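Work out the full structure: start from the sequences and follow the hints.
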Amino acid sequence: MESKIRKLKNKVQDNLFTGMALAVPVIFVVFIIYPVMKIIGAGFFDGTSFTLAHATPLLEERGIRVLLNTARVSLLSTVGATILGIILAIGVVKGRWPGRRLFTFAAILHIISPPFIAAVVFIMLFGRRGFITHTLLGLDTSFIGWQAIVFLQILGNASIAFLVIASVLRRIDPNLEKSALDLGASRLRVFFTVTLPLMIPGILAAVVLVFANIIADFGTPILVGGGFRVLASEAYLQVLSLYNMPYASVLSILLALPCLLVLFMEKNILSDRNFYSTRLTQEEDAADQRPAFNLITLALVYVICIIYALLTLTQFSVIAIGAFTTTWGHDFSFSMRHIDIVLNQGAGSIKNSLTFAIQVALIGPFIGIVAAYYVSLKEGLYRRTLDFVAILPFAIPGPVIGISYVLAFHNPPLILTGTGLIIVLVCIIRELPISYNAGKAVFRQVAYNLEDASKDLGAGRFMTFFRVVFPLMTPAYKVGMLHAFIHTMTTIGAVIFLVTPKNKLLTFEIFSATNSGYLGLGAAFSFVLIILTLVGILVLSMLGEIPGFLKRFRKDVLVGSKRTKPEQEL
Amino acid sequence: MDLSVQNLSKSYKKNLAVDHVSFEVPSGKIYALLGPSGCGKTTILRVIAGLIRPDSGRIFLGGKDITDVPPNERPTVTVFQDYALFPHLNVYDNISYGLKAQHVKRSTIQPRVYDIAAMLSLQELLARKTHQLSGGQQQRVALARALVLNPKVILFDEPLSSLDTSLRLKMRQEIRKIQEQTGVTSIYVTHDQEEAFAIAHQIMVMNSQGQIEQIGDPETIYYHPRTSFVANFMGDSNLIPVTMVENRPEISIIRFWGQELTIDPQLLLREQEQPCLFFRPESVLPDPGGCFSAIIDKKIFLGPVTRYILKQVNGASGEILMDLSHYQQDYREGDKIRFTINTIPPIQSIQSRDGS
Numbered sequence: 001m002e003s004k005i006r007k008l009k010n011k012v013q014d015n016l017f018t019g020m021a022l023a024v025p026v027i028f029v030v031f032i033i034y035p036v037m038k039i040i041g042a043g044f045f046d047g048t049s050f051t052l053a054h055a056t057p058l059l060e061e062r063g064i065r066v067l068l069n070t071a072r073v074s075l076l077s078t079v080g081a082t083i084l085g086i087i088l089a090i091g092v093v094k095g096r097w098p099g100r101r102l103f104t105f106a107a108i109l110h111i112i113s114p115p116f117i118a119a120v121v122f123i124m125l126f127g128r129r130g131f132i133t134h135t136l137l138g139l140d141t142s143f144i145g146w147q148a149i150v151f152l153q154i155l156g157n158a159s160i161a162f163l164v165i166a167s168v169l170r171r172i173d174p175n176l177e178k179s180a181l182d183l184g185a186s187r188l189r190v191f192f193t194v195t196l197p198l199m200i201p202g203i204l205a206a207v208v209l210v211f212a213n214i215i216a217d218f219g220t221p222i223l224v225g226g227g228f229r230v231l232a233s234e235a236y237l238q239v240l241s242l243y244n245m246p247y248a249s250v251l252s253i254l255l256a257l258p259c260l261l262v263l264f265m266e267k268n269i270l271s272d273r274n275f276y277s278t279r280l281t282q283e284e285d286a287a288d289q290r291p292a293f294n295l296i297t298l299a300l301v302y303v304i305c306i307i308y309a310l311l312t313l314t315q316f317s318v319i320a321i322g323a324f325t326t327t328w329g330h331d332f333s334f335s336m337r338h339i340d341i342v343l344n345q346g347a348g349s350i351k352n353s354l355t356f357a358i359q360v361a362l363i364g365p366f367i368g369i370v371a372a373y374y375v376s377l378k379e380g381l382y383r384r385t386l387d388f389v390a391i392l393p394f395a396i397p398g399p400v401i402g403i404s405y406v407l408a409f410h411n412p413p414l415i416l417t418g419t420g421l422i423i424v425l426v427c428i429i430r431e432l433p434i435s436y437n438a439g440k441a442v443f444r445q446v447a448y449n450l451e452d453a454s455k456d457l458g459a460g461r462f463m464t465f466f467r468v469v470f471p472l473m474t475p476a477y478k479v480g481m482l483h484a485f486i487h488t489m490t491t492i493g494a495v496i497f498l499v500t501p502k503n504k505l506l507t508f509e510i511f512s513a514t515n516s517g518y519l520g521l522g523a524a525f526s527f528v529l530i531i532l533t534l535v536g537i538l539v540l541s542m543l544g545e546i547p548g549f550l551k552r553f554r555k556d557v558l559v560g561s562k563r564t565k566p567e568q569e570l
Numbered sequence: 571m572d573l574s575v576q577n578l579s580k581s582y583k584k585n586l587a588v589d590h591v592s593f594e595v596p597s598g599k600i601y602a603l604l605g606p607s608g609c610g611k612t613t614i615l616r617v618i619a620g621l622i623r624p625d626s627g628r629i630f631l632g633g634k635d636i637t638d639v640p641p642n643e644r645p646t647v648t649v650f651q652d653y654a655l656f657p658h659l660n661v662y663d664n665i666s667y668g669l670k671a672q673h674v675k676r677s678t679i680q681p682r683v684y685d686i687a688a689m690l691s692l693q694e695l696l697a698r699k700t701h702q703l704s705g706g707q708q709q710r711v712a713l714a715r716a717l718v719l720n721p722k723v724i725l726f727d728e729p730l731s732s733l734d735t736s737l738r739l740k741m742r743q744e745i746r747k748i749q750e751q752t753g754v755t756s757i758y759v760t761h762d763q764e765e766a767f768a769i770a771h772q773i774m775v776m777n778s779q780g781q782i783e784q785i786g787d788p789e790t791i792y793y794h795p796r797t798s799f800v801a802n803f804m805g806d807s808n809l810i811p812v813t814m815v816e817n818r819p820e821i822s823i824i825r826f827w828g829q830e831l832t833i834d835p836q837l838l839l840r841e842q843e844q845p846c847l848f849f850r851p852e853s854v855l856p857d858p859g860g861c862f863s864a865i866i867d868k869k870i871f872l873g874p875v876t877r878y879i880l881k882q883v884n885g886a887s888g889e890i891l892m893d894l895s896h897y898q899q900d901y902r903e904g905d906k907i908r909f910t911i912n913t914i915p916p917i918q919s920i921q922s923r924d925g926s
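Chains as they are written, first to last, in the working numbering: chain A, 1 to 570; chain B, 571 to 926.
Check the hints yourself; a few may be wrong.
[Claimed, not checked] Derived pair list, reagent style DSS-like, types lysine-lysine, alpha-carbon separation capped at 27 Å: (1) K699(B) with K9(A); (2) K699(B) with K670(B); (3) K584(B) with K4(A); (4) K351(A) with K504(A); (5) K378(A) with K584(B).
I should point out that these hints are in silico values taken from the structure, not numbers from a laboratory.
If you're wondering where the values come from, they're calculated on a predicted model, not measured in any experiment.
In structure tokens, the structure reads:
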């Protein structure tokens, strides 16, 4: 009798689990595949027939210019940011200067601030009413233009490249370098024949992240580009000013294609080059045993690191000062008026940003982990397809996913536009690849074997998942949670088309204030956003353990940024 | 309960890992699956555990077909190679995990865990996390976690391979002792022939193609290998090509090392065209009245024994390995000796038989 009840209970649990698992393909289809189909349909189909009619504006002079502009800015910025990231990583990981740990925190500060904040600061310093151009030099011009975009993209994205490359560099076995030295190679030779090749997975991962980030960014070009248009800003204008959805869809697909290409190039190269250990837990600090470079190289590297740190410091100081200044560019006296506006008129935005971010942070990683587990149970083509779909949001730039959601959920059968839910959903999907990948990594390394052990000891799928797989996934969950919170707080690209007056977000407020010339207000909103994000991630990190949370936070963010996407999109 | 594997095959992407394997594990014994790495022995174990689905073949436990029973409902438990202890649970929770999975009454879980912990001297460690344990302790926890379920069959997947040598020797005694105490039917996968000898009642030797080479008790496998693969895998061996003079079912006459001998045909390995006489280096004994003579060509000190490589006096090709304890006899290179070869049943020289 008892065993019958137990069997029934097992059956119910198994079915419950199956139901939960079945939600995975459903979510994939409804919230990833369907919107993608919709955007392809809008761009290249007239009813049911294929058409290139919507793409013709691209062949006009303006369209061609946009394409060339995009290529120029994204390539130059990606190369620049990656090289700067490599130099910074070497300086921090291989160097011995004091404060290099603080430097890592400075880089994280970049990561947790909205993507176009550098552009806000740039305008405050070099714009028409800029502190340097106007107040100090008395000029009436500004330094905006495509060079400004490239400069800001390099600065902003170098920190992402730095974090990714540094985490790989740290994990390179120092004995490899030592044995190369021991075999008689010069230090320079060791660097080019051992260290650099071993860094390549990190460098490629950084290139993918940085490239996707830059090409999707419409805020920076709009704010500092002057009339300089790129694909992302053009798509933005097509949607919000002209409501030309078909052309915007074409632009979006064009935007997504290179990202997809880069991602899969990286994946394929990486699969042959997996030389470094990928254990999440093992991150040794090889500080004591590294072969140093010669003095001149090191000096150069340090100088670059210091300049970068100073620029970062400047950036956040300007934001902080600007937030408490009466009228930036005219009256630099202390004032609380911007902060007052933010806390009163912006209270709704603050509440929205926080609520959405917390919801995404709690729900998103759970879905990602369940998906990782579900996919790992499958085999063959079905598994490869699911895997592809799960990381697809990774390759789709934020604005593109935003536009696809507008297209997909503005009409029946599922009308979600105008609700807060769609913003939460789009952020969850955007974050899916992070917790999915982290979960997959953990599963591949430890959980696989332990899952077998659990089944072998007589546990059903339900118990196996909740007692073994899920607890082991907590590091992955934490990584996903932190990233989800940060990104939802700082995102704009994916949500700008979904925001309504009822559910405005802080990033949206910063963008519109700055874009309308209210620099002080933009700075104040930025300041509040950064503080809230910082507090938020500290609280989230503490959820696990109170002592040592700082260390854990650093580790989670760093480790998580290895293969996942630590940046803000836009 | 006895376990029977019938005609089991499994391939991975066209690579045949297990090739039509059948064997019977008698109840209450330790049965070793021995073979080089990659020979499919772990695959067999996982099929028995239900973690891998075979391409073909059936598994019977106590006469009941369990091939399609899911792993969590099988009365088999695996002790994994790297133990697969749950890192987020302490020792107590690791050991009690299977009992909870089987919804054993809470009140009986604790005494059972304590009993098994006492048996394996783990009482002091129950509150520890698994990463705070030494290798040997982790091994014992893995064993306890399996034993506490009173499984019908325990499957050991190279359980000692990550321990250092001295601990390995100790643990294999302990495993054998505990198996004898509990009488649980065990299958023990290893690539270490010494470990298989020390632990198993029966040994099944597999080759790299996933086929069975030989099944037998340790002594038979060691002294009467049926193939040169088994002969060489089990240790150093003398496999000397011989000339057949006469070949009858119950007796063979061969020419070997300048002598005509009558031997039991089962001492010959006939895989190649020319049959080979097989014997172990320690079967060779110096004997002033022995019928073979040789020159010591090389002397190699190996520790427990000294190995001599013997050449024929007349300079004919071929060499024989002879292992002697240092206290038995000590020769120098170049010494001439006479010797006999001990086998069961014994080799007989035709001359000596005629002479008697």
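Compare the distance between the alpha carbons of K351(A) and K504(A) with 27 Å, and conclude whether the hinted pair is satisfied.
-> Since the Cα atoms of K351(A) and K504(A) sit roughly 9 Å apart, the hinted pair holds (cutoff 27 Å).
27 Å limit on alpha-carbon distance, applied to hinted pair K699(B) and K670(B) | holds, 19 Å
Is the hinted pair K699(B) and K9(A) satisfied, with a Cα-Cα distance of at most 27 Å?
-> Measuring from Cα to Cα gives roughly 30 Å; hence the hint is violated.
Given the proposed pairing of K378(A) with K584(B), does the C-alpha separation stay at or below 27 Å?
-> holds, 20 Å
Would you mind confirming whether the straight-line C-alpha gap from K584(B) to K4(A) stays at or under 27 Å?
-> violated, 42 Å
Violated hints, listed in ascending order, are 1 and 3; each of the other numbered hints is respected by the structure.
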